[in-house]
Amino acid sequence: KDSTVKFHVLLTSYELITIDQAVLGSIEWACLVVDEAHRLKNNQSKFFRILNNYPLQHKLLLTGTPLQNNLEELFHLLNFLTPVRFNNLEGFLEEFADIAKEDQIKKLHDMLGPHMLRRLKADVFKHMPSKTELIVRVELSPMQKKYYKFILTRNFDALNTRGGGNQVSLLNVVMDLKKCCNHPYLFPTAAM
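When we follow UniProt numbering, the leftmost residue of the sequence shown carries the number 1, and every step to the right adds one.
Errors might be hidden in some of the hints.
Derived lysine to aspartate or glutamate pairs resembling EDC-like cross-links, with alpha carbons at most 16 angstroms apart [as the list claims (entries may be wrong)]:
#, residue 1, residue 2
1, LYS46, GLU15
2, LYS107, GLU94
3, LYS6, GLU36
4, LYS149, GLU139
5, LYS46, ASP20
Across the chosen pairs, the derived CB separations fall in these ranges [said to hold, decoys possible]:
#, residue 1, residue 2, range
6, SER26, SER169, 46 to 52 angstroms
7, LYS131, SER26, 33 to 39 angstroms
8, LYS178, GLN57, 41 to 47 angstroms
9, ALA158, PRO114, 29 to 35 angstroms
10, THR189, ASN43, 39 to 45 angstroms
If you are wondering where the hints come from, they were derived from the structure by calculation, not from laboratory data. We put the CB at the ideal spot given by N, CA and C, even for glycine.
With the hints as extra help, turn the sequences into a complete structure.
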């Protein structure tokens, strides 16, 4: 189709794939690599449908958890990779209905073998150097101090409940404090 592209590799975001689908969909892609492939776990999602329409010779999915929640999500990942082989969700779910049985697990592993490179933590950690940590203490800027104090005083009641506070509101306070430490401009009013 379009032979005017002047690049060999394109790194882009999920949002731009959606926004620029007309341009990107007109290119004959040699290979598509999708990081965080769990975003393809539903064949009804807009992202799945857009990528499924791209002309692709090869597809590679990267995910830390291919079987994150259920077999249906795994099926959709496999369906994206090889739609001819994995085209019957009901049959797939029926075939692995009793996944707790050891023979079913082995059958699933054997079927996934050609489609999945599985790395276990034990294998990866053998080759990783031990973790080193360097802590550099940095003062908060005057603006950060102001926002940090404001966050604490605004949430005084939630913080002063002696263990009986709402866990969600405490987590929100912690997240706001982290944002303040990263950069106060993460708050919309700070940049004004």
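Tested hints:
no.: 1; hint: LYS46 - GLU15; verdict: 11 angstroms, holds
no.: 2; hint: LYS107 - GLU94; verdict: 13 angstroms, holds
no.: 3; hint: LYS6 - GLU36; verdict: 27 angstroms, violated
no.: 4; hint: LYS149 - GLU139; verdict: 14 angstroms, holds
no.: 5; hint: LYS46 - ASP20; verdict: 13 angstroms, holds
no.: 6; hint: SER26 - SER169: 46 to 52 angstroms; verdict: 49 angstroms, holds
no.: 7; hint: LYS131 - SER26: 33 to 39 angstroms; verdict: 45 angstroms, violated
no.: 8; hint: LYS178 - GLN57: 41 to 47 angstroms; verdict: 43 angstroms, holds
no.: 9; hint: ALA158 - PRO114: 29 to 35 angstroms; verdict: 52 angstroms, violated
no.: 10; hint: THR189 - ASN43: 39 to 45 angstroms; verdict: 41 angstroms, holds
Hint check: violations occur at hints 3, 7 and 9; the rest are consistent with the structure.
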